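Chains as they are written, first to last, in the numbering used here: chain E, 1 to 360; chain Y, 361 to 664; chain X, 665 to 759.
Derived from the structure by calculation, the hints contain no laboratory data.
A few of these clues could be false.
[Said to hold, decoys possible] DMTMM-like mimics (lysine to aspartate or glutamate), calculated; alpha carbons at most 25 Å apart, straight line:
id, chain 1, residue 1, chain 2, residue 2
1, Y, Lys-571, Y, Asp-365
2, X, Lys-749, E, Asp-291
3, X, Lys-749, E, Asp-25
[To be verified] To list a few chain Y residues with every Cβ distance to chain E over 12 Å, as calculated:
id, residue
4, Ile-388
5, Ala-403
6, Val-623
7, Leu-653
This structure is a prediction, so every number in the text was calculated from the model and none was measured.
Quick reminder that beta carbons are idealized off the backbone N, C-alpha and C, glycines included.
Residues per chain, in single letters:
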Amino acid sequence: MNGGCDSILRALADPGLLLSMDLSDWDLFIRQARRANLLSRFAVMLRDQGRLQSVPARVRVHLESECALADQQKRVVEWEIGCIRQALDAIDVPLVLLKGAAYVAAALPAAHGRRFSDVDILVPRARLAEVEQALFLHGWFSEKQDAYDQKYYRKWMHEIPPLRHNQRRTVIDVHHAIVPRTMRLHPDPDKLMTSTRAVDEDERLRVLSPADMVLHSAAHLFLDGEYSNALRDLVDMDQLVRYFACQEEFWDVLLERSIELELDGPLYYTIHYLRKLLGTPVPGQLVERLDGRPAGGLPRRWLMPLFDRAVIAHHPSCSDHLAGIARWMLYVRGHYLRMPLYLLVPHLLRKSLRAPSGEA
Amino acid sequence: MNVSDLDDADLARRLRQGCLFLETGPFISRIQTSIESVQAGIALLYAGFPVHDNAPFADFHVALTRPAGLRRWFRPQVNFLFDGWTPFKPLPLEQAFAMFEWGMNWCVVNHAHKYLVLHAAVVEKGGRALIMPAPPGAGKSTLCAALVASGWRLLSDELAIISPDSGQLLPLPRPVGLKNASIDVIRTRYPDIAIGQEALDTAKGTVAHMKPPGDSVASQQLMAMPGWVLFPRYREGSALALEPFSRAATLSRLVGNAFNFTVLGRPAFECLSRLVDDSGCYSLEYSSLDEALERLDKLEVSAS
Amino acid sequence: MRKTVWCVASDARLHWREWDGEVVLFHENSGNIHHLNLFAATAIRQLLEAPADSETLTERTASKLDLPVDDEARDGIEQLLTRLKTLGIARVAPS
């Protein structure tokens, strides 16, 4: 099934293999990795290892281009974090960075060459209005003017509509929880908030605890319904757990925390695919204990064939004839998980009646 | 082997099967299309460009296809695909070749951050490049076409590609885009130069492309040092005025015209500062193309 | 009340080019460039040398350029500081 994507997966496990590829191997590799949003990660990895010069010149041009984009990303995110900090300075609120921005701020290996478009932040729900007001004063506006979208976000989602800065054009997603309010599973945002860590001497700028960081990414990947960056997200989690595994009792904490936050389901699938696709070292005991947990929701043997097709690069060379329908079913599942059925059907109808997206 | 070495049937077959590997400047693009107007445009306007048999590596994999569905019959459209993905909304089928040109520019602008890329026309004489950044409507493409038709070498009518390491400009001498009135101006002045089919009612009005001179295409691997930065402006009835332009303002404008200044960051700033140091910086207001060409021919190489 | 003391942000990476009394400032952190006249450029350079309140900065800038310390100069500095704060180049100095 992922036959065509083998080179990405093998290169993730053993980057040295990239150096033995010929031009036609590179041709397909670059296209697949670009589609999976992983090309800049490979490019930065080769540069950090001082191996860019060993790559054929025609290929190197593309890798250097990706390195430039990755470096810019880091500068922009650091700058943006500083601007958000300034904007929120007066209201004295804890500001928790999520995902890509958190990896950059905490200087984690997962940040190296990671591409993302928005800065995600988590703030206490009780302070949401103040935060939005402070950001507004500093130039961030909501672009979704559509009343339906505004209502949909505010009533059902775990974030407010994206805010775009009127000069820099950068986007912040302000969350007050890590999964939608309507979700059948709802990890308590207060529990996440109390376990956050400061990234520097300013106690207000924070990131999630190691276990929560992994669980947030897992929840996002396996509950959301949007799988175009699935392989990239798995690679993030691979980097995170490899890095955190040296902390004592990381794995035990991870499992216990997943049960406490009702996220052991997503963790099960995460561990399954990390081991299967990326060869991530995971203690056998953790795998056994996760296996023994009840599946909740749909049986695992039903979901696996869908996930198999969703967590690989979404490039024609990696997909079989069932990939499209599998990804669509997961899209519907993602919505089903977050909305009661009487809301879901009108919502999907409304979306499908609107102009189609740019994707072919 | 060049495009002109392939007969029409062979070119059409390669394009249909998606195995036309076309070399333009530093890039090789693999092109797939069954649309006849695009095939004809490539045959006419890319005649002198090299093609490769089954190149193992292509920088860009592009295709132009007709979207399926009922529209195919009553309002035919065309899609530009970058490796199977559509970055733009479809356009009317009559605009297929124009869309191919815009798509090829998009590929460079979004994937060539090894270079600093500016929105500017570039021509060369005596080893020195004349760089003309200009907003749409300033008459940049008319002036560029006229300069090229009267002996300057074409580097590019849209994209100045600069190597931040050497400060040199890389040619990308693809067809020159002409808009509205300038199509007839060039056709009348230079009746021997081939111009492709006109596409009406595009976002930019009527658009047609001029075939780049054979010499410019043949020397597309030959880089040039910057010589002059010129901000041209066509104004009906104006007298010719070539004035020195403030270097600080020139740098500011060049940054504003760069597609990837913030991607490259400091190397881009250093590169453009050096370029401004090494170039004569001017503004040009003109109404007569003849006067403008005559004056620009006398430009001296000047360094600050 | 204490006067507000300003400084250039400690992490600001600034690069300058000057031609004929005009300056282009590149602020690497934000990726923006700013085309400055000699007055603004001199004021920022003075601020880089040492933090200052707006009155002191007006005096130092004016003396550097042989200009009178008048309301025009004061307004110029006030506006510049507000702008630099928005751009993230200048900050209120920690007391």
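Cross-check of the supplied hints:
Taking the CA atoms of Lys-571(Y) and Asp-365(Y), the gap is about 17 Å. The hint holds against a cut of 25 Å. Our distance criterion of 25 Å between C-alpha atoms is broken by Lys-749(X) and Asp-291(E), whose separation comes to about 55 Å. Annotation: proposed proximity of Lys-749(X) to Asp-25(E) is violated, straight-line Cα distance about 50 Å (limit 25 Å). The beta carbon of Ile-388(Y) sits about 8 Å from the closest Cβ of chain E, which is not more than 12 Å, so the claim that it is off the interface is violated.
Interface exclusion of Ala-403(Y) from chain E stands, the closest Cβ pair being 26 Å apart, more than 12 Å. Not every Cβ of chain E is farther than 12 Å from the Cβ of Val-623(Y); the closest lies at roughly 5 Å, contradicting the non-interface assignment. For Leu-653(Y), the condition that its CB be more than 12 Å from all CB atoms of chain E holds, with the nearest at approximately 36 Å.
Hint compliance for this structure: hints 2, 3, 4 and 6 are broken, all remaining hints hold.
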